[in-house]
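J.: Chain residues, written in single-letter form:
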Amino acid sequence: MRRTQLVVLAIALAFTAACKKKTAPVAPQAAPVKEASTVQLNRPALTATPRIDSFTAEPARVERGQAITLRWATTNAETVTIDQGVGTVTASGNRQLFPTATTTYAIIARHGTLSDTRTVTVEVTAPRPVETAKPPVTQDSAALVRELTSQLQDIYFDYDMSDLRDDSRRAVNTDADLLKRIFAADARVNFVIEGHADERGSAEYNLGLADRRALVARDALVQLGVPSNRLRTISFGEEAPVCRESNEACWQRNRRAHLSQVQ
Amino acid sequence: MKTRSIALMMMTALGLYVGVTHLTAQIIGVIVAGDKSRIAVPDFRGKGAAAPLMNTFNETVWNDLADAGILDMVAKTNYPLDVPQAPTDLKPPTVINGTQVRQGMWLTDWSGPPVSANYLGIGNVDVNGTDLVLRGWLLLPGLADLRTAQAFGNTYFGPTTQDGARKIAHEYAADILKQLGAVSLAGSKIYFVSDRSGNQEIWSMDYDGQNQQRMTSHRSISKMPTVSPDGKMVAYATMANQSWQLRVINTETRRQMTFVNPVTSTIATPEFAPDGKKLWFSMVINESPLQIVAANIDGGDRQRISNARAIELSPRINPKTGKEVLFISGRTGHPQLYKMNIDGSGVEMITTGEGDVANPSWSPDGKKVAFAWTRGYDPGNFNIFIMDVATKDFVQLTRQNGSNENPFWAPDGTHLVYANQRGRNRQIFTMLADGKRVKQLTSDGDNQQPVWTKGTN
Numbered sequence: 001m002r003r004t005q006l007v008v009l010a011i012a013l014a015f016t017a018a019c020k021k022k023t024a025p026v027a028p029q030a031a032p033v034k035e036a037s038t039v040q041l042n043r044p045a046l047t048a049t050p051r052i053d054s055f056t057a058e059p060a061r062v063e064r065g066q067a068i069t070l071r072w073a074t075t076n077a078e079t080v081t082i083d084q085g086v087g088t089v090t091a092s093g094n095r096q097l098f099p100t101a102t103t104t105y106a107i108i109a110r111h112g113t114l115s116d117t118r119t120v121t122v123e124v125t126a127p128r129p130v131e132t133a134k135p136p137v138t139q140d141s142a143a144l145v146r147e148l149t150s151q152l153q154d155i156y157f158d159y160d161m162s163d164l165r166d167d168s169r170r171a172v173n174t175d176a177d178l179l180k181r182i183f184a185a186d187a188r189v190n191f192v193i194e195g196h197a198d199e200r201g202s203a204e205y206n207l208g209l210a211d212r213r214a215l216v217a218r219d220a221l222v223q224l225g226v227p228s229n230r231l232r233t234i235s236f237g238e239e240a241p242v243c244r245e246s247n248e249a250c251w252q253r254n255r256r257a258h259l260s261q262v263q
Numbered sequence: 001m002k003t004r005s006i007a008l009m010m011m012t013a014l015g016l017y018v019g020v021t022h023l024t025a026q027i028i029g030v031i032v033a034g035d036k037s038r039i040a041v042p043d044f045r046g047k048g049a050a051a052p053l054m055n056t057f058n059e060t061v062w063n064d065l066a067d068a069g070i071l072d073m074v075a076k077t078n079y080p081l082d083v084p085q086a087p088t089d090l091k092p093p094t095v096i097n098g099t100q101v102r103q104g105m106w107l108t109d110w111s112g113p114p115v116s117a118n119y120l121g122i123g124n125v126d127v128n129g130t131d132l133v134l135r136g137w138l139l140l141p142g143l144a145d146l147r148t149a150q151a152f153g154n155t156y157f158g159p160t161t162q163d164g165a166r167k168i169a170h171e172y173a174a175d176i177l178k179q180l181g182a183v184s185l186a187g188s189k190i191y192f193v194s195d196r197s198g199n200q201e202i203w204s205m206d207y208d209g210q211n212q213q214r215m216t217s218h219r220s221i222s223k224m225p226t227v228s229p230d231g232k233m234v235a236y237a238t239m240a241n242q243s244w245q246l247r248v249i250n251t252e253t254r255r256q257m258t259f260v261n262p263v264t265s266t267i268a269t270p271e272f273a274p275d276g277k278k279l280w281f282s283m284v285i286n287e288s289p290l291q292i293v294a295a296n297i298d299g300g301d302r303q304r305i306s307n308a309r310a311i312e313l314s315p316r317i318n319p320k321t322g323k324e325v326l327f328i329s330g331r332t333g334h335p336q337l338y339k340m341n342i343d344g345s346g347v348e349m350i351t352t353g354e355g356d357v358a359n360p361s362w363s364p365d366g367k368k369v370a371f372a373w374t375r376g377y378d379p380g381n382f383n384i385f386i387m388d389v390a391t392k393d394f395v396q397l398t399r400q401n402g403s404n405e406n407p408f409w410a411p412d413g414t415h416l417v418y419a420n421q422r423g424r425n426r427q428i429f430t431m432l433a434d435g436k437r438v439k440q441l442t443s444d445g446d447n448q449q450p451v452w453t454k455g456t457n
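Respectively, the protein sequence lines represent chains F and B.
Take our numbering: the last position of the first sequence gets the number 263, and nothing is skipped along the way.
Take our numbering: the last position of the second sequence gets the number 457, and nothing is skipped along the way.
Check before you lean on any hint, since a few could be wrong.
[To be verified] List time: in silico DMTMM-like cross-link candidates among lysine to aspartate or glutamate, alpha-carbon distance up to 25 Å:
1. Lys277(B) / Asp160(F)
2. Lys76(B) / Asp195(B)
3. Lys278(B) / Asp160(F)
4. Lys47(B) / Asp64(B)
5. Lys339(B) / Asp160(F)
6. Lys320(B) / Asp275(B)
7. Lys277(B) / Asp83(F)
[Said to hold, decoys possible] A few chain F positions that, by computed beta-carbon distances, are all more than 12 Å from chain B:
8. Ala73
9. Asp140
10. Gln153
11. Asp167
12. Leu224
Hints were generated in silico from the structure; no laboratory data involved.
Idealized CB from N, CA, C, for every residue including glycine.
The whole structure should be built from the sequences, with the hints applied where relevant.
T.: This is how it looks when you write it as structure tokens:
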């Protein structure tokens, strides 16, 4: 309602200005037209910041491959953008997307230097296996998962390196077999691959290095058939050593990728 | 004089200038202070109840002037035996039959050898009722006329206590430093990481280590603080949400500001651009190694700057020009210091490829960089170096005594703050940019990653 009134007013003003221009050729070209309409249209914005009235994702939880719809409405925004590759969008609208993993979408409405931001997260789950229903988790399978988990090995690395050595490839092979059996035994468990570094590099670089180690370990496990949607990585850098002495034996124990179970 | 041929650091009274003479890559230079103005400050005497406070007073004045780093303090053993306590004690020589005849103490006692002082601080302390009263002057003994030789003469008041003696000493020393054009560090702040509460949190303290306060309470791992140029925002990385994220907080209210984090496994090493409008950091993009990215300070308009198949982090933008970026890259297999243009072009390694490099910090004049380097030592044994970014000449400031990391330049361009690790815990120290006047600021828990800001004024 209000918007249409403003538009009508703006058009009216534009016409008035244009008419004036015709009758008074000395007036600066076009500028007064723009000024008149801009001032009228923007007056509400001078007293109000850009606002996101709503930003939703429906449904909030989907299986991979299914569509979600983002819907948004904003007020007083000059530009509205949504991240995760969506880009610039209209002030209000909707968009259908197919997220492949759990994703947080952020919308930013801007007016000059002012902005408003909101986020919404879509949880993406793995598609259910088409075959038979999962076997119920029994006492036996829980014990089996515990037993198999205790056999998982750390994957070790050289100083400043994130390549797999021969001994770490053997550890990856062992872990891949164990993980496949664990995942078969209990459909609810997932694993985090923690990357770690020894104390010697800088804390900042070690964070990057340990992130590489976790990713390299995960890629190797996935290549061996471990489902990637049940593995997540995290870098601890040099912040969580298993050993605190300053010698090579201890540093080697800390330069590792470690598998840790999460529910 | 000092051995000027190998003098690498030259400081003038009006602002420090670190000039690095040409070096062959193999030689680590010895740092020698030269060309600083010389100041003589004889011990002031105190009357009556002021007398027992004079040790504190004289020590405080001396330390404040020495710590400023812009003056060469002439040793007291070279001073004349007769010391003026006020300009009126000085008597100009009279000329009789063409020769100068001494009439008593005179300025030339201080301007001539062995003192050869450019500046002379004199004064006396008395008690008036309950007040401690200092009359302090700064003289230029090289001038012939007593009136023009007097740079200033002021009166200072404080309670007749040890604290009162320190107060008037600080005020007098501050007036001298102001007269000589020194940038005061008073009011400047240091943000740092401490685990003394049980977890790594962001803390703040005054430039001299006073007033240490915890800023965050994530009870997780929070580190790598950086301050906006206006001192009003601190950004840092935290694991508080089970994965690495950046946070931006208001330094006054300590409230969290909007920052939309990208979905990624690791994001770290934030840095505000000199205009305060962009936040630079490094993050994993589609499972890449850490890459350098710039975004608005709310996290919007993310833009990838570096595109390498190696870990790249710690972007640090020239505070003067806003056009050059220093950063750390592992392109050679070991982290080294690199330089690039603000748009990511013109990448160039500026360290030699030896050892591991970390923690670049620009000097406020945008000409030098302080950084940590293991050059010449085993992995993990860092020392603080300073490099002239244009010539790539460098000098080593620390020599072991544990690992020295995280150098950060003070707003005065004269001091550095850094972390030293001997044994289990790191502690935060300050020193002059020539490696002298080392002072410990922290002692409780493990303390690291200090950043120094001029404050919000």
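J.: With the threshold set at 25 Å, check whether the alpha-carbon distance from lysine 278(B) to aspartate 160(F) stays at or below it.
T.: 31 Å, violated
J.: Once the closest CB in chain B is found, is it more than 12 Å from alanine 73(F)?
T.: 19 Å, holds
J.: Would you check the hint for lysine 47(B) and aspartate 64(B), treating anything up to 25 Å between C-alpha atoms as holding?
T.: 23 Å, holds
J.: Examine each Cβ of chain B, and state whether all of them lie more than 12 Å from the Cβ of leucine 224(F).
T.: Non-interface label on leucine 224(F) holds, nearest chain B Cβ at 18 Å vs cutoff 12 Å.
J.: According to the definition I'm using, a residue is off the interface if its beta carbon is farther than 12 Å from all beta carbons of the partner; does aspartate 167(F) meet that for chain B?
T.: 21 Å, holds
J.: Quick one: work out the minimum CB distance from aspartate 140(F) to chain B and report holds if it exceeds 12 Å, violated otherwise.
T.: 31 Å, holds
J.: For the pair supplied as a hint, lysine 339(B) and aspartate 160(F), confirm whether the alpha-carbon distance does not exceed 25 Å.
T.: 21 Å, holds
J.: If you draw a straight line from the CA of lysine 277(B) to the CA of aspartate 83(F), is it 25 Å or shorter?
T.: 19 Å, holds
J.: Please check whether the beta-carbon of glutamine 153(F) is more than 12 Å away from every beta-carbon in chain B.
T.: Non-interface label on glutamine 153(F) holds, nearest chain B Cβ at 22 Å vs cutoff 12 Å.
J.: Does aspartate 275(B) lie within 25 Å of lysine 320(B) when you go C-alpha to C-alpha?
T.: The hint holds at about 10 Å.
J.: Are lysine 277(B) and aspartate 160(F) close enough, with their CA atoms no more than 25 Å apart?
T.: 34 Å, violated
J.: Next pair to validate is lysine 76(B) with aspartate 195(B); report whether the Cα-Cα distance is within 25 Å.
T.: 43 Å, violated
Violated hints, listed in ascending order, are 1, 2, 3; each of the other numbered hints is respected by the structure.
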